[in-house]
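Given the sequences, and given the hints that come with them, work out the whole structure.
Number of protein chains: 2
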Amino acid sequence: MNDNGQLTTPAGQLHLNELHSSLSDPALESMNFLNEVAGRHPGALSLAAGRPYEEFFDIEAIHRYLRRYEHHLTAEQGLDPEQARRAFFQYGRTKGIIHGLVARNLQADEGITADAESIVVTVGCQEAMFLVLRALRTDEKDAVLAVAPTYVGLTGAAKLVDMPVRTVRGGPGGVDLDDLAEVLRQARADGLRPRACYLLADHSNPSGLSLDLRTRHALLELAEREDLLLLEDNPYGLFTAGEERLPTLKALDTRRRVVYLGSYAKTGLPGARVGFVVADQTVTAPSGATGLLADELAKLKSMLTVNTSAISQAVIAGKLLEHEGSLLRANEREIARYRDNLAQVLAGLGQAFPASTGVRWNTPSGGFFLVVTVPFPVDGALLEASARDYGVLWTPMRHFHDAPEAEFQLRLSVSLLTTEQLDEGIRRLARLINDRLGGQRPDDDRPA
Amino acid sequence: MNDNGQLTTPAGQLHLNELHSSLSDPALESMNFLNEVAGRHPGALSLAAGRPYEEFFDIEAIHRYLRRYEHHLTAEQGLDPEQARRAFFQYGRTKGIIHGLVARNLQADEGITADAESIVVTVGCQEAMFLVLRALRTDEKDAVLAVAPTYVGLTGAAKLVDMPVRTVRGGPGGVDLDDLAEVLRQARADGLRPRACYLLADHSNPSGLSLDLRTRHALLELAEREDLLLLEDNPYGLFTAGEERLPTLKALDTRRRVVYLGSYAKTGLPGARVGFVVADQTVTAPSGATGLLADELAKLKSMLTVNTSAISQAVIAGKLLEHEGSLLRANEREIARYRDNLAQVLAGLGQAFPASTGVRWNTPSGGFFLVVTVPFPVDGALLEASARDYGVLWTPMRHFHDAPEAEFQLRLSVSLLTTEQLDEGIRRLARLINDRLGGQRPDDDRPA
Numbered sequence: 001m002n003d004n005g006q007l008t009t010p011a012g013q014l015h016l017n018e019l020h021s022s023l024s025d026p027a028l029e030s031m032n033f034l035n036e037v038a039g040r041h042p043g044a045l046s047l048a049a050g051r052p053y054e055e056f057f058d059i060e061a062i063h064r065y066l067r068r069y070e071h072h073l074t075a076e077q078g079l080d081p082e083q084a085r086r087a088f089f090q091y092g093r094t095k096g097i098i099h100g101l102v103a104r105n106l107q108a109d110e111g112i113t114a115d116a117e118s119i120v121v122t123v124g125c126q127e128a129m130f131l132v133l134r135a136l137r138t139d140e141k142d143a144v145l146a147v148a149p150t151y152v153g154l155t156g157a158a159k160l161v162d163m164p165v166r167t168v169r170g171g172p173g174g175v176d177l178d179d180l181a182e183v184l185r186q187a188r189a190d191g192l193r194p195r196a197c198y199l200l201a202d203h204s205n206p207s208g209l210s211l212d213l214r215t216r217h218a219l220l221e222l223a224e225r226e227d228l229l230l231l232e233d234n235p236y237g238l239f240t241a242g243e244e245r246l247p248t249l250k251a252l253d254t255r256r257r258v259v260y261l262g263s264y265a266k267t268g269l270p271g272a273r274v275g276f277v278v279a280d281q282t283v284t285a286p287s288g289a290t291g292l293l294a295d296e297l298a299k300l301k302s303m304l305t306v307n308t309s310a311i312s313q314a315v316i317a318g319k320l321l322e323h324e325g326s327l328l329r330a331n332e333r334e335i336a337r338y339r340d341n342l343a344q345v346l347a348g349l350g351q352a353f354p355a356s357t358g359v360r361w362n363t364p365s366g367g368f369f370l371v372v373t374v375p376f377p378v379d380g381a382l383l384e385a386s387a388r389d390y391g392v393l394w395t396p397m398r399h400f401h402d403a404p405e406a407e408f409q410l411r412l413s414v415s416l417l418t419t420e421q422l423d424e425g426i427r428r429l430a431r432l433i434n435d436r437l438g439g440q441r442p443d444d445d446r447p448a
Numbered sequence: 001m002n003d004n005g006q007l008t009t010p011a012g013q014l015h016l017n018e019l020h021s022s023l024s025d026p027a028l029e030s031m032n033f034l035n036e037v038a039g040r041h042p043g044a045l046s047l048a049a050g051r052p053y054e055e056f057f058d059i060e061a062i063h064r065y066l067r068r069y070e071h072h073l074t075a076e077q078g079l080d081p082e083q084a085r086r087a088f089f090q091y092g093r094t095k096g097i098i099h100g101l102v103a104r105n106l107q108a109d110e111g112i113t114a115d116a117e118s119i120v121v122t123v124g125c126q127e128a129m130f131l132v133l134r135a136l137r138t139d140e141k142d143a144v145l146a147v148a149p150t151y152v153g154l155t156g157a158a159k160l161v162d163m164p165v166r167t168v169r170g171g172p173g174g175v176d177l178d179d180l181a182e183v184l185r186q187a188r189a190d191g192l193r194p195r196a197c198y199l200l201a202d203h204s205n206p207s208g209l210s211l212d213l214r215t216r217h218a219l220l221e222l223a224e225r226e227d228l229l230l231l232e233d234n235p236y237g238l239f240t241a242g243e244e245r246l247p248t249l250k251a252l253d254t255r256r257r258v259v260y261l262g263s264y265a266k267t268g269l270p271g272a273r274v275g276f277v278v279a280d281q282t283v284t285a286p287s288g289a290t291g292l293l294a295d296e297l298a299k300l301k302s303m304l305t306v307n308t309s310a311i312s313q314a315v316i317a318g319k320l321l322e323h324e325g326s327l328l329r330a331n332e333r334e335i336a337r338y339r340d341n342l343a344q345v346l347a348g349l350g351q352a353f354p355a356s357t358g359v360r361w362n363t364p365s366g367g368f369f370l371v372v373t374v375p376f377p378v379d380g381a382l383l384e385a386s387a388r389d390y391g392v393l394w395t396p397m398r399h400f401h402d403a404p405e406a407e408f409q410l411r412l413s414v415s416l417l418t419t420e421q422l423d424e425g426i427r428r429l430a431r432l433i434n435d436r437l438g439g440q441r442p443d444d445d446r447p448a
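Line by line, the protein sequences give chains A and B. Under the working numbering, read the first sequence as residues 1 to 448, first letter to last. Under the working numbering, read the second sequence as residues 1 to 448, first letter to last.
It is worth saying that the hints were derived from the structure and are not from the lab. The hints are all genuine.
One copy or any two copies: either way a pair holds, since identical chains are not told apart in the list.
Within a straight-line C-alpha distance of at most 20 Å, the following computed EDC-like cross-link-like pairs (lysine to aspartate or glutamate) qualify:
#, residue 1, residue 2
1, Lys-141, Asp-227
2, Lys-141, Asp-162
3, Lys-141, Glu-18
4, Lys-141, Asp-190
5, Lys-141, Glu-182
6, Lys-141, Glu-226
Okay, structure coming up:
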């Protein structure tokens, strides 16, 4: 732009540097690159996409869910037909219309007791993340911490509100609490206000790691001591490979330290784009009046998307109602599928890569993802070659993380493919890795 | 907050001034107040809500629309059943999946020839507004102009990105072009970069006014001369009371000066929350690569809502397909209804208020809204009394506008009520106004 405040190009022809900085951000470029690679090689098997398994998709279920919710409104809630029609068709409550069912679901599946009024139903979990960060970011001093490697949706939402993200080491335990304390201290020393720390406690994306119970309690203690909000994102909590499910941070949260970010993309269906946030923190106005953080988030939502599609909410509600509010029950087939897929991939890797190859991987207790470490650099060029010459897609970990070890890591997703496709996908990946290993001795390039 | 960058209250107990400034904004407070008044008086007839008419709502239509779109995908687009299921269930294209149908609709109803790739399907028009403002706001110097009185959704979206709004006089012609040039000049003199000017050219909310053809051409000339984007919002364009429909600014736009904001809330159904933006402007990256503004908006959307609900898009697509892409055809009953309602309200006002009362109103050529000017101040207290003692709701114009004349104006919406309810609503409003007139002589308090 020139000094007179006029753009240097006519308005119909913009320059990227005349648009918001997030649009020039390397993180976004990198996300685009991944999509482009996938787009250029539609025949490649995807161990990249964190998409739910497709075999059980059934369009008739959408109709059934809608009718189930209609029945709920009329027969169970006592609405007359006109009111029910209005619920489906008209503008609706900003905070959502299925908040009671979401609260029931949290009680049934997570042991979380949430006041339905503290819930805002959102356009997927992504909108929930944006709303929370928008509320917390008042000026350039507000920062958010995030456990690394970090889900790109959080990084992206932070960029939309120009909020710096300071990363906290995850480590093998899912979160390094000493590092968290140190990052907090450093951020404050730098004049920042760390407003919250974002993490997934269960089957994290992208690391696959979960926090053990002791760490959960210690993290809540640290949040209390350091006066920090925790933003707990939990899209994968139901998908435990073993028998044991640990309580979420929110279930353990007795002091309203946790803002809980919920997604129905993996447990309901992605096409509905329904998520939610539990924000039971109190907000005091200068007048002394108090309300819930949820109500402040709803005010922001009224300027962003007005309300979440009633039809989408009705679909999710119908699925919840069909299973007495339990998505654990609704997802029995899917949970078994993801468990089997994860076991299959772990076994396949074990067969393909004896210890002598220097190829290693972690062993998540569930979820969609695991991380493979190889003794050579993993970058976009390797991914391109993998897609083109080997027909298999995965995600470079440097996409989520700028730590040195990420340069040698790739994320595998086990959620989307069938048994046969997974076998073939692992075979193709093994071929790629073995070809690369052939060109060099194990351990050559690995970081110390 | 204290000087150490720590909040003065524990994280579970926030203060409003520790949250984003939009949440303390008077505009938002005022919007909340209006909702609260309506909530406290559920029995009051609403001449306030800009909601579509409800008599034709039919839940079976949702099922029909979904099946029609499914048929379109399989029988017309050639997708196999697995691909069709994926379209409904899975994560989808960020820019939307019904862009081709939206382009067809724009051609059919508006004479707008839009490349489908220049369209982003959004979560209602509100998300489209946010995306455009987010893209254009790079730092504190970027400002947006808006024709006054201004739709609160634009004001709200601007507050979410901390972007100042400079208002341009609407005047009786819908936009005062001399004032627009002057506001531009002044904004630049103040060191701002005016990036765009927002307006409704047809049946504006809240003024009810439309631009005549000459003004449309002159506005486009001015935009070219002053190097300004126009953000044209068009939710009510189909609802013309007379026979003549004028071309939209976008239909007249030969130089990509217009970003077109579309809504299917009134013409499709609000419960789907589907809108769109046509952004065919080119964007040049520092590398020299060029793309469409639509693609930049999609990048932002990927960090905000990921994609618009496929199920919601399918519902709107089905309605479009049922009427060969024309919402003009789909809305024949609604168009007649709004035309009759507007005529009924205008006749009712004419009967209730002879010229001697000093009560005046404008005569829109269509749409949902008209503005009544009364010879006494119109404020929240009057609205509260109106709802409580007279059983009728409307909107104080000061909600949209801080000009002196707005203090004496109220907006009426004619869209929601049936014939009988409208009659009763006008009777109640007349009683309120006459009671107030009884306490004072006409012209007493009016601005000169």
